Every structure is written in C-alpha cells, then in structure tokens.
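Colleague: Take these sequences, add in the hints, and give me the full structure.
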Amino acid sequence: MSEVKLKIDGNKGFFYIDIDGKHEAMMTFVFAGDKQIIIDHTEVNPGNEGKGFGKQMVTKAVEWARENNIKIIPLCPFAKSVFDKTPEFNDVL
Numbered sequence: 001m002s003e004v005k006l007k008i009d010g011n012k013g014f015f016y017i018d019i020d021g022k023h024e025a026m027m028t029f030v031f032a033g034d035k036q037i038i039i040d041h042t043e044v045n046p047g048n049e050g051k052g053f054g055k056q057m058v059t060k061a062v063e064w065a066r067e068n069n070i071k072i073i074p075l076c077p078f079a080k081s082v083f084d085k086t087p088e089f090n091d092v093l
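Residue numbers for the sequence shown follow my numbering, beginning at 1 and rising by one.
I should point out that these hints are in silico values taken from the structure, not numbers from a laboratory.
Any given hint could turn out to be false.
[What the hints assert, rightly or not] Label-pair distances were calculated between CB atoms; the ranges are:
1) Asp40 <-> Glu63: 14 to 24 Å
2) Asp84 <-> Gly21: 32 to 42 Å
3) Leu93 <-> Asp20: 29 to 39 Å
Quick caveat: nothing in here was measured; it's all calculated off a predicted structure.
Quick reminder that beta carbons are idealized off the backbone N, C-alpha and C, glycines included.
Modeller: Here's what the structure looks like:
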C-alpha cells in the first residue's frame with residue numbers, strides 16, 4: 001500500500017501519493033473556516049487507475065479530520081462517491 005502524504009499551504013492543501021519521487025495521485029482541498037475543509041478535486045495519473053489511490057487519499061483525509069476535529073465537505077464527485085459508499089466515514093461530514 002502506498003503512503004498518503006499531506007501538504008498544507010495557507011488555506012488550502014492536498015493529500016498525495018508519490019511513487020519514485022513523482023506525484024501519481026492528488027486530492028486537493030480548501031479550508032472553509034478553521035474546522036472544515038472542502039475536497040474539490042481528485043486526480044490519479046494515467047496508468048494508476050484501479051489501484052485504490054483515490055480511496056486511500058479519502059481514507060487518509062477522514063483519519064486526519066478525526067484527529068483534528070475537522071469536518072469534510074466532499075464537493076469532488078469522486079470523494080462524494082467514496083463517502084456515499086462508506087457509511088463509517090459519515091462522522092466527519
């Protein structure tokens with residue numbers, strides 16, 4: 001399983017997966033106040049479809065949100081579909 005990392009820059013940030021030093025998947029978000037983020041985009045590079053990278057990034061976002069008492073608004077259609085299929089993530093919505 002690939003390690004999902006987080007980078008925050010001011011009021012926005014992204015979760016990402018690097019393979020051999022290259023971003024292969026990324027999920028971007030913006031802060032909406034101090035205790036809420038909006039996931040606005042998920043992108044997986046060609047050739048990495050079906051590897052579960054998107055779901056890994058959403059899962060990492062949920063874990064991070066729980067640790068930091070942050071709620072998530074999944075505007076990105078992919079992230080929303082993961083939340084729709086994963087009722088155990090509803091506590092951060």
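Colleague: Are the hints correct? Go through all of them and say.
Modeller: Verification of the hints:
1. The given range of 14 to 24 Å is respected by Asp40 and Glu63, whose C-beta atoms sit roughly 19 Å from each other.
2. For the hinted restraint 32 to 42 Å between Asp84 and Gly21, the CB-CB distance of approximately 34 Å keeps it satisfied.
3. A hinted range of 29 to 39 Å for the beta carbons of Leu93 and Asp20 is consistent with their spacing of about 35 Å.
In summary, the structure agrees with every hint in the numbered list given earlier.
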